[in-house]
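Going down the list, the protein sequences come from chains A and W. Take the first sequence: its position 88, counting from 1, is numbered 88 in this note's numbering, and each next residue is one higher. Take the second sequence: its position 60, counting from 1, is numbered 60 in this note's numbering, and each next residue is one higher.
Since the hints were derived computationally from the structure, they do not count as laboratory data. Do not rely on the hints blindly, as some may be mistaken.
[Said to hold, decoys possible] Keeping only pairs whose Cα atoms sit at most 30 Å apart, straight-line, the calculated BS3-like set for lysine-lysine is:
#, chain 1, residue 1, chain 2, residue 2
1, A, Lys1, A, Lys68
2, W, Lys52, W, Lys13
3, W, Lys57, W, Lys13
4, A, Lys68, W, Lys57
5, W, Lys52, A, Lys1
6, W, Lys57, A, Lys1
7, A, Lys42, A, Lys110
8, W, Lys13, A, Lys110
9, W, Lys22, W, Lys52
10, W, Lys22, A, Lys42
11, A, Lys42, W, Lys57
12, W, Lys22, W, Lys57
13, W, Lys15, W, Lys57
14, A, Lys42, A, Lys1
15, A, Lys110, W, Lys57
16, A, Lys42, W, Lys52
[Unchecked claim] Here are a few chain A residues that sit away from chain W, every Cβ distance over 10 Å (derived from the structure):
#, residue
17, Ala10
18, Pro14
19, Asn18
20, Asn22
21, Ser24
22, Gly60
23, Asp67
24, Lys68
25, Thr74
26, Pro82
27, Ser93
28, Leu99
Everything numeric in this text was worked out from a predicted model, so none of it was measured. All C-beta atoms, glycine included, are put in the ideal place defined by N, C-alpha and C.
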Amino acid sequence: KQEVTQIPAALSVPEGENLVLNCSFTDSAIYNLQWFRQDPGKGLTSLLLIQSSQREQTSGRLNASLDKSSGRSTLYIAASQPGDSATYLCAVSGYGNKLVFGAGTILRVKS
Amino acid sequence: AAGVIQSPRHLIKEKRETATLKCYPIPRHDTVYWYQQGPGQDPQFLISFYEKMQSDKGSIPDRFSAQQFSDYHSELNMSSLELGDSALYFCASSDRQASSYNEQFFGPGTRLTVL
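With the rest of the complex left out, here is chain A (with noise of 0.2 Å):
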């Protein structure tokens, strides 16, 4: 059975700091690693897909890079923003194209 752990479970850190959020999961049967975000009591924004293929991912101030033989993925947030405060989660996709969730990473940027 998958199982996606994400470290750190919660994050703050100043305005301007770059940072890094790491997923580890068990199976390294993945089809594809989607890292999303999400505000309180609101709905999953996808930020990133990386297929098995793929090494790393990159859209404007994210980055993230997979490495499926080890089960590790990180998410690298360039010059962060207050407005970056949300919740990160990290989902596998697998046999059955069914996403497996980490419980995420809280982050919160203060001004």
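Use these hints to put chain W onto chain A, whose structure you have.
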């Protein structure tokens, strides 16, 4: 661009009542997924449909049923509601035939409160 539509956005029910949640996928998407997110928890997969047939089943209670219709919209029917069913229910859609990596796009969710 059109997104996934869910209705209603908010729903309040009493215990033992029934509820029906609706999902309208992105046009031309052939696959629909349902997820449940309890308070302070991560989303959990319930069930999915591909081309109107159930394709996978997760931790969905027997009191719940779902189907995908000929126009690809989906409905999640929940009976004998319990307090523990209070959660955000997300629908996601993807175009499985278009790509192998199957990116899922999520709707805004339906917040169900059972009193």
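- Could you check the structure against the hints above and give me the numbers of any it violates, in ascending order? Of the numbered hints given earlier, those the structure breaks are 8, 15, 27 and 28, listed in rising order.
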